[in-house]
Amino acid sequence: MPLLDVRDLRVEFPTRQGVLTALHDVDFTVDRGERLGIVGESGAGKSVAAFAILNLIGRPGRIAGGSILFEGQDLTRLSTHQMRRVRGDRISMIFQDPMMTLNPVLTIGTQMVETLKAHRRIGDAEARRIAITRLGEVKIPSPEKRLESYPHELSGGMRQRVVIAIALLTEPALIIADEPTTALDVTIQAEIMSLMLDLCKTHGVGLILITHDLAVVSQVTQRVVVLYAGRVVETGETARVVQDPVHPYTRGLLAALPGEGTPGARLNQIRGSMPPLTAVPEGCPFNPRCDFVEDRCRDALPALEDLDGHRVRCVRARDLASGVAA
Amino acid sequence: MAIVAFLIKRLLQAVLVMFVISLIGFSIQDNLGDPLRELVGQAVSEAEREALRDRMGLNDPFLEQYWRFLGNAVQGDLGVSYHFKRPALDVIADKFPATVDLVIGAAIIIVLVSVPLGCWCAIQPRSWLSQAAMGASIVGISIPVFLTAIFLIYLFSVNLGWLPSFGRGESLVEIVPGWKTGFLTGEGISHLVLPSIALSSIFLPLFIRLIRSEMMEVLEQDYIRYAWAKGLAPRRVWFLHAFKNTLLPVITVGGVQIGLMLAYTILTETVFQWPGLGFMFIEAVTRVDTPLIIAYIIVVGLIFVVTNTVVDLIYTLVNPTVRLVGAPS
Chain A
373 MPLLDVRDLR VEFPTRQGVL TALHDVDFTV DRGERLGIVG ESGAGKSVAA FAILNLIGRP
433 GRIAGGSILF EGQDLTRLST HQMRRVRGDR ISMIFQDPMM TLNPVLTIGT QMVETLKAHR
493 RIGDAEARRI AITRLGEVKI PSPEKRLESY PHELSGGMRQ RVVIAIALLT EPALIIADEP
553 TTALDVTIQA EIMSLMLDLC KTHGVGLILI THDLAVVSQV TQRVVVLYAG RVVETGETAR
613 VVQDPVHPYT RGLLAALPGE GTPGARLNQI RGSMPPLTAV PEGCPFNPRC DFVEDRCRDA
673 LPALEDLDGH RVRCVRARDL ASGVAA
Chain B
155 MAIVAFLIKR LLQAVLVMFV ISLIGFSIQD NLGDPLRELV GQAVSEAERE ALRDRMGLND
215 PFLEQYWRFL GNAVQGDLGV SYHFKRPALD VIADKFPATV DLVIGAAIII VLVSVPLGCW
275 CAIQPRSWLS QAAMGASIVG ISIPVFLTAI FLIYLFSVNL GWLPSFGRGE SLVEIVPGWK
335 TGFLTGEGIS HLVLPSIALS SIFLPLFIRL IRSEMMEVLE QDYIRYAWAK GLAPRRVWFL
395 HAFKNTLLPV ITVGGVQIGL MLAYTILTET VFQWPGLGFM FIEAVTRVDT PLIIAYIIVV
455 GLIFVVTNTV VDLIYTLVNP TVRLVGAPS
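So the sequence lines, in the order shown, correspond to chains A and B.
The first sequence lines up with residues 373 to 698 when you count with our numbering.
The second sequence lines up with residues 155 to 483 when you count with our numbering.
Misleading hints may appear alongside valid ones.
Covered stretches of chain A (chain B as the covering partner; in silico rule of three or more C-beta atoms under 8 Å from a C-beta of chain B) [what the hints assert, rightly or not]:
(1) 450-463
(2) 482-494
Anything over 10 Å on all C-beta distances counts as not near chain A; from chain B, calculated [as the list claims (entries may be wrong)]:
(3) M172
(4) V194
(5) G230
(6) K249
(7) V267
(8) W282
(9) M288
(10) L301
(11) K334
(12) L414
(13) Q427
Hints were generated in silico from the structure; no laboratory data involved.
A quick note: this is a predicted structure, and the numbers were derived from the prediction, not measured.
Ideal Cβ positions, reconstructed from N, Cα and C, are used throughout, including at glycine.
Chain B extracted, bound-state conformation (with noise of 0.2 Å):
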């Protein structure tokens, strides 16, 4: 079976990247600050500290540490939060269901403007809409997401007053335990709009030009004119023909564009106070909360190592010329 020597592949590959990620995660954490200093108040004495650290295992040579805590890891323990108490991946758990509402968000508005938009600057280079669209994708993409954000919530929130400027709101919907969402009740899709604006207008610009410049190569191919030959109707050719062949590296970059935003929710989180994974991470480097530091690299790595296996995946369901799964010939 195909797909399960490739699943395999992809595991091995997968552990590897992991253990890559874990070594860097871990071995930054000696730079991050002292995380005595926020645990403990100013009164303890420098013995008293020092006594602690030794418990912590501070004080082990790095290996020794390391060696500890890959142990722990691989029995999917992360460590204990310095600030919550609680074990790591529990408090990443906890803040993870936000982080996904917006990402989805994003991912939507991006696909519902991108694709339509993209597509029509290939067909009508030379209309206004297009000229205006790559003209508007060049400020885009140079103005970074803090400023947009702050610019939709004094307009939106401020001065129209139309849409809430922070947090999730209290309607969440519960559809699984320990998992929330905001897209059931119309006032958690409000308090979803302007974060996920902000989020999506940075990979907005890259989107459209990315499906504007692969649609408009698709257009010179010999078999877009052969399809024209043939007498079919300009939707069929533009939409299945051209649109089909244009998705291809599209879906290529957008897997590993998901996982880049799920990095860029950072700043959009901490400007919408967000309660997500990227709040939480700027929170967590502020009180030198090093294991849930090192957790959250680890399980955004692993983020990525997923989402482009399953990117290749969905590739050769649109692709007939790469088979991972068994080909009926």
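The following block holds chain A by itself, in its conformation from the complex (with noise of 0.2 Å):
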């Protein structure tokens, strides 16, 4: 049995313009200390998946419909106050910008030990003798001096960092990483991505990284999940996904890579933008962006077809995974 285990995931917001669905029964499952990716373009709903897990999506979204088994329970089904001991304890959530994340009229010390003693019960001394060792594990210098320090003291790499050390408290299960580098420094993404990487291996901890990079995706994933406009359209291995793509979207993000380019030369990029929630078009949501687009893509929703293992949402999938495709 996977650790988590996403079926039909539906998330609606209502609005005064009808009711916007931003996820259309998403599936996905993460085992036992395996790392997936979820990846898509701003507006594909990768956020709005990750914070669905902890049910936390911002009010008046709401979930409509499916289930997300999580070590053998369904978080859609719990009470509230069950809820609040799966998060921060079982599933740990990392934020995409440090700067935000941490609360700024709080010492890290204060809102370390706070996130221990919510979940155990244990006394001050034992809670920051832990946060001590987290801090160390993150490679933070002279860690006791940093549990006295306010965020707006750390530089942004040194906050994702304690973010980390907080998210390891508790020996999570399952860690929600949603864009945990996109706010930093270039220089400072690859060290944090890395340590990372580590931590999650060392710990056996599993992983949801969610970010639009590919190249970080098939550096730390085993498995790739692609949104777009809300639905899964590509899913299988990562190494598999990266090296031959099939779904057209997948394609255009790849070729959008700058590595893959000749210096010099103008990055590629996929024509058009994701649709917002209130105009995602008919059939196949890709169709008007598609380079292969044809007449059936815009009748009807195409279904996750499934090349052992590695399933694609394009009526084309065959061909275009045999390389047939013009």
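Assembling the complex is the task here: the two chains are given apart, and the hints tell you how they should meet.
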């Protein structure tokens, strides 16, 4: 049984213009100690999926269907109180911008100790000892002193290290990292990413890495889910998806990576942009931007086609996979 | 020492502000009416009046008068009240404790009501209590203090007879020589209730709305979402993580309001015949007691300056990103 099994997850936002569906019947699983990437452009529903797992979707959004099985219980059915025992204990979250994540008026120590004390019956001294150990693990110099620091006294990279240390405090089974390096300096991104990778491996903790950066995904994760307009369009083993992408959207994302082009040449990009939830096109949601579009793409939503383990939501999945497509 | 530098800077600013206040205060005195009319009776002839004006220096050029006033003022002499025939500062010192009682009473009510209600309105904006509080605050902010005061007197003093309608009562306790408070006896407190409510009524809606909107904004922040994601209890998220961040702007506005409250005591004290600064000021105006009026303006100005400085100091205690007091790093 996988650690996390998300099935037919549907998230809706009732608005004045009607109900917007941010996630349509999304499925994915994470095994114990496995690292899964969720990829897509802004607005694809990546963050919504992350927050849905912790049942923290901002109002008026709500989980409208599906199940989220985690360690044998359905998170969508838990009471507020039961859900609180999962959050920050069994599942930790790392947010995008470490500048905004830590509370500016509380010390690092306070914010670490409170997390432990919310989930364990331990004293302050013991909690501080664990906090210092974790700060050491994320390679923060003189961790005892840092406990007394306020967030603004640390750099962005240091703050994200603190957030990672907090995520590890309770030895969770799963960490959800929502674009954990996007807000950081480019020089620090790789450092933080490899630190996260090491810690996930040594602690045997599962990871859901949400990002738009396929290069990072290919380095860190074992499996990947590509989201487009709230639907899974391609999923499979990371190595296979990155090497032989099938869905035109995934191909576009990969072609857009700067490393692939010749120096000095214009970077590739997918034409057009992700449709807003109010205007998702009929049929395949990607059809207006697709280079391989056919008439039938505009009629009906393609099903997820299974090419032995590598699943693709495209009517031409088999052609494209075998390279027949023109 | 950062704190010393800060205080010196503040002191220089304060001197400048006080200079401007004194200049403005002093220059309006000629427009208040003729003090002689109140000082002497009808029977005094015009020649005698003119002689008296000369003796009092009222006929000197403005700058000469102001210079004399300033010279005395820096020595702590703001002139002698025409009516009380005593130094204006002594008169103010007599009335000051009554006004402080009233301001403290109103401040207690404001804090006790606006903090819980403002937080509740932010946390549960759709509950009936929040909607009622928001509605009531619109009404509250639109009703002038004297109307609230008269209504309170009508209801609680005249109709129900529960609370006294005027004065401070007989059983004041002297805590330090020359400083009496009504807070230490039941009778004193009963006299404080209605004036304090009346004075607070004008500030309550503002504070409830301020705390509500600030807290709502804070609750949208990433660090609050993160606090939820850590599995913290709602109590801790709301009253530590959110509330501490809400406090910063509230302290800033609150400090300025304390000064304003002093100004509003004029209305409240007049309705309740409260023997404080505001009541004294209104009487001084009707009696054209210019030295007392100017002294009042200067003292109130000084209180504004002092409260603002204190607010800035408190602000640094709550907000770690602003450190005037040497930061441990």
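Outcome of the hint check:
no., hint, result
1, 450-463, "holds (count 6)"
2, 482-494, "holds (count 4)"
3, M172, "34 Å, holds"
4, V194, "62 Å, holds"
5, G230, "42 Å, holds"
6, K249, "40 Å, holds"
7, V267, "24 Å, holds"
8, W282, "18 Å, holds"
9, M288, "19 Å, holds"
10, L301, "39 Å, holds"
11, K334, "40 Å, holds"
12, L414, "27 Å, holds"
13, Q427, "45 Å, holds"
Every hint, counting from the list given before, is met by this structure.
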